[in-house]
Amino acid sequence: MARDGQFQGRWWPILLSLPQLLLIFLFFYWPVVIGLKWSFFLERPFGGSAEFVGLANFQRLFQDTEFYAAAGRSLVFMLTASAATVLFSFVLAVAADRKLRLSGFARNVLFWPQALAGASAGVVLSYLFNPATGVFSWLNTLSPGLWNPVLDGFDANILLNIAYMWGRIPIDFAILLAGLQAIPESYHQAAAVDGAGPWRRLLDLQLPLLTPQIFLCIVIEFNESFNQAFKLIESMTHGGPGNSTNQLVYKIFVDGFRGYDLSGSSTQSLILMLLFIFIVVAQFALLERRVNYAR
Amino acid sequence: MSTHEHAAASAISLKGVSKSYGSSEVIRDLSLDFAAGAFTVVLGPSGCGKSTLLRMIAGLESLGSGSVSIGGTPVEKLPPKDRGVAMVFQNYALYPHMTVLQNIGYGLKLKGVPRPERETMVRETAASLGLADLLARKPAELSGGQRQRVAIGRAIVRKPRVLLFDEPLSNLDAQLRTDMRLEISRLHRAIGATSVFVTHDQVEAMTLADRIVVMNQGRIEQSGTPEEIYHNPQTTFVAKFIGSPPMNLLEANVSNGVVCLGEASLLEAPCPNGSITLGVQPTALRLGSGSHTGAVSGIERLGREVVYHLETEHGRISAVAPEAKAGWNPGDAIRFDINTESLALFDPSGQRIAFPPT
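These protein sequence lines map, in sequence, to chains A and B. Read in the numbering used here, the first sequence has 191 at position 191, and its numbers run on one by one without any break. Read in the numbering used here, the second sequence has 110 at position 110, and its numbers run on one by one without any break.
Rather than coming from a laboratory, the hints here were simulated on the basis of the structure.
DSS-like cross-link-like pairs, simulated, lysine-lysine; straight-line CA separation at most 25 Å: (1) B:Lys77 <-> A:Lys99; (2) B:Lys111 <-> B:Lys81; (3) B:Lys109 <-> B:Lys138; (4) B:Lys109 <-> B:Lys159; (5) A:Lys99 <-> B:Lys81; (6) B:Lys159 <-> B:Lys81.
None of these values were measured; they are calculated from a predicted model.
Only chain A is shown next, with the shape it has when bound in the complex (with noise of 0.2 Å):
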């Protein structure tokens, strides 16, 4: 080792990175090269010889409306989903910032779903939910099945959006009241004697000065709810009523482990990855020259 504490020699940081390499290779990287290969072949679904037939995978998909559809669902959750959370958490977080009485309580309690897996979290609220024994079910005694997500697409999206948001506004809330909290007290006091009120204030300097913070959220979310709801439709709704939560992740599970369809799955997963890239893209290209990094 060099006097400066760092390490020699070429081979030495390889060596050392190998390990986390060798994972991410194995398991993400290779899994792709696979996903990409079997795109272009029809293979068995218990092993054998794969076939090589070209793009007449992806023509058979560019023709199922059922893709379009999954596509369709799963950008809709992506944007309702992360929208909601994330203006809800800003709520929270600004409260929690105004210590209110009890915020300091409220912290720690907005903060404990994160500690639970999203399958559980999917069990929990399904019965949570429940149209005859729910917290909801109150609705149905105004005029039955106004509240049914057993039934009704529209309430089963509703649901899942709801068990989304439970889960996944802690983290967001986290970051969201730090960035609140780094805002130095005295551009409050300064705004204060310029003028402006408390809400005045959240316009004018908590907002602007948020913006790293409400856009590292929103890449956050997307990723998460546009590629991560499967366990949440796998817990509670397994893509229906008649198909109204079946998104593409879900709809790839079910396409490759129950229908044996395992080229047809790659495909859309290759799909998938695609459509999520150019979205990242754009967030970057369309949202981050809004954001203000100075401080």
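Chain A is already provided as a structure; the job is to place chain B on it using the hints.
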């Protein structure tokens, strides 16, 4: 000392003001009037409550008890924006996401001043502060001195009745601080608002103030013109705080109406017998001959004058001598005399003993 009466200035009056944080009392039953249009410097060490006092005038800090009025109107229940005050903060507190133009104009915008008029006012203010070319910049692209000017611009553009300064120069280097002192002095004369300036730097206090209020532990130690504070400190605390180097405080004895420093009798004073504190200005020592001796322990050459730090049997004494008397070196023993005309006497509790000037 003339006080600039000005239509736009308001007198500030604090009556019986107290403030505690938990069990620690920061301001203790303090009453103080700030004359309209005057420049008052509140001077004190950190933690003496001077910033809290300023924040209570601004409305950023609630009062424990007592009342504050500005221009005769009680304001203790009003939010900062309705008090007609503007404030310059120690760390500038410029809005980082706004340009200089937006920073200075933000208060006007909130007041509903239409954009063209607002821009004219901001440009005028910026020009008077030498910021005309920087209006499109953000605070991060400015130097410390420029940021301070923007902060001052933001405060004065609204033509406030009261201008509050919370140690605004302490983050600047020495040269800039001198420049900004002169600048603030000039602006005060031009604007005429009632100014309250909080600092721990006695040089700022001496150079800027019409009146200095010295604070210690939440109380007013002394209030008066810079000359009064310098020449006639009323407590040992003020004596130790003012002047560079400050007044020498020596333990002396009184017996039968005669003040003695060690063996030497200095002067006659109508005091009860016992120990007292003798205040000697560093300029009141005649070096070179006399009945006292001290060893030179340190020398500060300041150009026109030299400060000698002497170790004597009465403690450490600082003496200021003109440059012509700069012949001594560290370790030398010097004989000196004390000019008894400008001595101050303090009782054991630190209060000045009234003593007829000779």
